[in-house]
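Place chain B on chain A using the hints.
Read top to bottom, the protein sequences are chains A and B. Position 143 (the first sequence) corresponds to 143 in the working numbering; numbering is contiguous. Position 182 (the second sequence) corresponds to 182 in the working numbering; numbering is contiguous.
One should not assume that every hint holds.
As the list claims (entries may be wrong) - If you want the footprint, here are the derived chain B segments under chain A, 3+ residues with CB under 8 Å:
hint: 1; stretch: 3-17
hint: 2; stretch: 47-58
hint: 3; stretch: 87-99
To be verified - Cut-off 20 Å, straight-line C-alpha distance, at most; resulting in silico cross-link-like pairs (EDC-like, lysine to aspartate or glutamate):
hint: 4; chain 1: B; residue 1: Lys120; chain 2: A; residue 2: Asp90
hint: 5; chain 1: B; residue 1: Lys41; chain 2: A; residue 2: Glu27
hint: 6; chain 1: A; residue 1: Lys147; chain 2: A; residue 2: Asp113
hint: 7; chain 1: A; residue 1: Lys147; chain 2: A; residue 2: Glu115
hint: 8; chain 1: B; residue 1: Lys120; chain 2: B; residue 2: Glu88
hint: 9; chain 1: B; residue 1: Lys41; chain 2: A; residue 2: Glu30
hint: 10; chain 1: B; residue 1: Lys15; chain 2: B; residue 2: Glu4
hint: 11; chain 1: B; residue 1: Lys15; chain 2: B; residue 2: Glu130
hint: 12; chain 1: B; residue 1: Lys41; chain 2: B; residue 2: Glu77
hint: 13; chain 1: B; residue 1: Lys15; chain 2: A; residue 2: Asp135
hint: 14; chain 1: A; residue 1: Lys147; chain 2: A; residue 2: Asp135
hint: 15; chain 1: B; residue 1: Lys41; chain 2: B; residue 2: Asp29
Hints in this document: simulated from the structure, not taken from any laboratory. Keep in mind that this is a model prediction, so the values were computed, not measured. We put the beta carbon where it would ideally sit given N, CA and C, even for glycine.
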Amino acid sequence: MSAVRIHRPNYALATMLRQAGGITVAEAVERAASNLEGLQAAGGEQLDAGLAQMDLIFARYGDAFDGELIAEHYGLAAGLIGLPSLCGLDALENAAHSLCDLLDRLGTTGRWDREGVQVHVQALRLLRNLPAGTDAVAEPVLDGLRKVRERHAIQSSN
Amino acid sequence: MALEPTSRGRFNLEKATILMLETSGMGMDILVQIVTGLGAKSLHRCQNVDEARDVIMRNTVDLVIADAITPSGEGYEFVSWLRREAGEPNSFAPVVVTASHTPVTMVQNARDCGAHYIVKKPLTPVVMLERILWIARESRPFIECDAYVGPDRRHRNDGPPDGVPRRRDDLPLEVGDAQEPNLSQDQVDNLFSTRKVSL
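Only chain A is shown next, with the shape it has when bound in the complex (with noise of 0.2 Å):
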């Protein structure tokens, strides 16, 4: 068996955050939250243009698996991951979400399922489309997009 070394290291950090002066946690939060807010515009139309890309992709696929396509898309939906909350869009958060556990589990087990990437693409589009705060209007779509994960046996990681 290799040599195991246990150490603690002194961490810079842990003195710094103990320095006199700096900002109480509800006024770092609150900043920090109303920095956000100026990146609400930029983060929805960044979010527009992926959705649209989407739709190329989609249109792209056929009827057998094709997996350089869904490792493709899968990059795509990983990379809105992020921008639906900024834009205070929560039910389409989680909507991507699924939709990369679902795209993560078709690559990697080689199953292809048009269905279930069509039933979620249209949902993050109908999602988008929703005034932010309606979540009992999206909460049947979400319950679709879950039974379409269950059929694959996901377990949701979001």
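Frame of chain A; chain B shown alone:
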């Protein structure tokens, strides 16, 4: 314990030098807005692993926030490199990895890369600050061996996971009535008294 967002507790990130690795422009913007909101001033923004390695070799950093870079997982590889090859003191730097989604094939890399925490996107100021404060407070032991270099991963004891059946030989949860009389005080004292033992 979760951080209370309305807490009046103070902290100071002004002097900390932070390396941020994020390939997405918007992802970097989000991260920058969060950490500057938390008070950080000295930031190294790296858009790829090569830039991040270069910064590490030329500077001392107090905190690393690295995106996992889905789906390639290059972010995990960067953290492994940092732990094994960057040299002190940066190799011991606190590391938070951010991940949009972790593919099944990357779960082991995520677990073994040597990060203190992996934070799932979307990032929020509260969660990011919470993880930074946890790292500073807990001061986890650092483990170095062939298979792993990084903070001790066994740092929490949450008990058995919910919904997992108990083992067949576990004792029942319910405690029944006593079957024998209680020990007297003398008997208890005798259990703790020092005795000479002949071997």
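So, going through the hints one by one against the coordinates:
Counting residues of the stretch 3-17 of chain B whose CB lies closer than 8 Å to any CB of chain A gives 14, which reaches the minimum of 3, so the coverage claim holds. Figure legend: the stretch 47-58 of chain B, annotated as covered by chain A; annotation inconsistent (0 residues with Cβ-Cβ distances under 8 Å, at least 3 required). With a cut-off of 8 Å between beta carbons, the stretch 87-99 of chain B has 3 residues touching chain A; three or more are needed, and the interface restraint holds. Note on Lys120 (chain B) and Asp90 (chain A): the hinted pairing holds, with a Cα-Cα distance of about 14 Å set against a maximum of 20 Å.
Between Lys41 (chain B) and Glu27 (chain A), the direct Cα distance comes to roughly 16 Å. Compliance with the 20 Å bound is thereby established for this hinted pair. As the CA atoms of Lys147 (chain A) and Asp113 (chain A) are separated by approximately 13 Å, the hinted pair is consistent with the 20 Å bound. Annotation: proposed proximity of Lys147 (chain A) to Glu115 (chain A) holds, straight-line Cα distance about 12 Å (limit 20 Å). A distance of roughly 28 Å separates the Cα atoms of Lys120 (chain B) and Glu88 (chain B); the hinted pair therefore is violated under the 20 Å criterion.
Taking the CA atoms of Lys41 (chain B) and Glu30 (chain A), the gap is about 17 Å. The hint holds against a cut of 20 Å. For the hint pairing Lys15 (chain B) with Glu4 (chain B), the CA-to-CA distance comes to about 24 Å; that exceeds 20 Å, so the pair is violated. Annotation: proposed proximity of Lys15 (chain B) to Glu130 (chain B) holds, straight-line Cα distance about 18 Å (limit 20 Å). A hinted pair counts as satisfied when its Cα atoms are at most 20 Å apart, and Lys41 (chain B) with Glu77 (chain B) does not qualify at roughly 27 Å.
As the CA atoms of Lys15 (chain B) and Asp135 (chain A) are separated by approximately 41 Å, the hinted pair breaks the 20 Å bound. For the given pair, Lys147 (chain A) sits about 18 Å from Asp135 (chain A) by alpha-carbon distance, which is consistent with the 20 Å threshold. Taken as a hint, the Lys41 (chain B) and Asp29 (chain B) pair is honoured in the structure, with Cα atoms around 15 Å apart against an allowance of 20 Å.
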